[in-house]
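Student: Going down the list, the protein sequences come from chains Z and L.
In this text, residue positions in the first sequence follow the working numbering: the first is 1, and each later residue adds one.
In this text, residue positions in the second sequence follow the working numbering: the first is 344, and each later residue adds one.
Check before you lean on any hint, since a few could be wrong.
[Said to hold, decoys possible] Here are the simulated EDC-like pairs of lysine to aspartate or glutamate, each with C-alpha atoms no more than 16 Å apart in a straight line:
no.	chain 1	residue 1	chain 2	residue 2
1	L	Lys364	Z	Asp153
2	L	Lys426	Z	Asp94
3	Z	Lys76	Z	Asp94
4	Z	Lys230	L	Glu434
5	L	Lys430	Z	Asp153
6	Z	Lys245	L	Glu434
7	L	Lys426	L	Asp373
8	L	Lys430	Z	Asp94
[As the list claims (entries may be wrong)] If you want a taste of the chain Z side facing chain L, the calculated C-beta under 7 Å gives, among others:
no.	residue
9	Met141
10	Ala227
11	Leu236
To be clear, the hints were calculated from the coordinates, so they are not data collected in a lab.
Cβ coordinates follow ideal geometry from the N, Cα and C atoms, glycine included.
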Amino acid sequence: MPCTCCIIPNDVLTRLSQDKKLSAPLRKQMVDTVQISHELRELRTQAARLTSVAAARSAGLVTLAAAPSITVYDCKHTQTLPGTPIPKPKTSSDGSVKRTFNQTTKVAKFYQQVFNRNSIDDHGMTMMSSVHFGEKYNNAMWNGSQMIYGDGDGSIFVDFTRGNDVIGHELTHGVTQHSLQLAYSGDAGGLNESISDCFGSMFRQWEAKQDAKKADWLIGKDIMGPAAKKQGFTCLRDMADPAAKHCLAPQPTKYSQITPGMDPHYSSGPPNLAFYTACATLGGYSWAKIGQVWYHSLTGFGPTPNMTMKAFAARTRQGAHTLYPGDAAVAAAVNAGWTKVGL
Amino acid sequence: MDRLKIERVGGVAGFGGPHLKSRGEVAVSDLSDADQKTVESLFADPAKVPAAHPGQADAFSYRITRGAKTIEVPEHAVPSTIKNSVKDVLE
């Protein structure tokens with residue numbers, strides 16, 4: 001069963017409804033299914049609109065839970081979602097399940113302790129993950145409702161749950177969806193991806209108690225497979241040196257190098273470098289002040305789906321003054337970050 | 344013979360960039376009748392290409408080329424036979 005609300009295409013149902021070899025009651029059921037499926041799709045579109053409208057008014061929403069439930073499912077190498085629920089993921093003998101539960105729990109704690117945020121939606125929503133998605137699936141993703149992790153092919157990539165920054169990255173897409181609601185193309189797409197890299201990296205550094213100088217600022221270091229390592233690749237992306245040869249996905253380092261239609265995983269290079277530069281310039285822990293400025297810029301103003309990088313940069317510059325009026329070094333560091341990438 | 348060229352792009356690793364590629368080919372005749380109809384309708388009316396799920400990120404999409412025309416389809420709307428035709432390689 002595919003992860004859409006359309007198991008059997010409408011044109012197949014319509015054709016079957018007209019097939020005189022089938023009984024009349026069965027043909028009517030096909031017609032009914034087409035109509036119901038249409039209404040379900042309309043419902044889903046409306047639900048997405050409701051999320052958008054409700055998020056803009058979220059100050060009045062009721063908290064669902066003091067702390068989120070963390071659930072893990074096993075897709076058993078199918079692409080059926082969410083998969084089989086795991087009753088006790090914390091003590092599972094399956095390493096992927098246990099890792100996902102533990103790291104997702106820690107990401108929840110990171111957002112709570114560092115940013116006073118209660119789960120992805122700031123109202124305690126359940127944090128749901130599915131592991132063993134597909135066969136040798138070289139990806140992890142956020143599908144709008146949950147996290148999904150593949151096992152990797154064992155050659156280019158290993159199990160994607162092995163990267164705590166990957167887990168932080170995916171969960172942060174949910175945070176973005178429930179706050180700034182950045183689109184996934186153009187400047188906004190690059191910002192969307194960068195924010196996930198920034199918070200994924202901050203989470204990894206927080207877990208290891210590393211300051212900006214000690215951190216390696218690499219994204220995906222722990223999911224590199226033997227074939228990738230053999231060719232000298234150490235990571236997906238390097239926030240400190242986006243164009244570096246050791247990156248599987250080398251990125252532009254200047255805003256002017258971003259081209260129309262560029263994949264957001266590449267256009268995220270300049271804002272990644274801006275964040276790293278700001279953190280390295282100020283020193284200390286990335287989440288202490290620069291991370292707070294970024295979080296404020298992400299969550300403090302409501303949705304702006306088509307935000308430009310220039311506008312986000314301006315917001316963080318202003319945020320540095322607003323949040324730390326007595327600390328000129330913070331504003332100077334943020335300014336240095338964006339200046340480095342030409343914004 | 345009518346063949347489809349497939350390229351899988353996107354994902355958290357950024358497939359489709361300089362090093363990570365995922366490509367395949369499928370003969371249209373190897374697709375089931377239902378899948379052939381799905382592909383036909385996608386090429387016939389690009390407006391019918393399903394949108395990504397709202398809020399979705401790091402998903403794959405598939406560039407499907409038939410003759411001179413290429414469409415890009417989110418993974419959840421791609422028939423399994425087409426999805427399974429690609430092989431991930433490092434270049």
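Student: For each hint given before, does the structure comply? Return the numbers of the non-compliant ones in rising order.
Tutor: Structure breaks hints 2 and 8.
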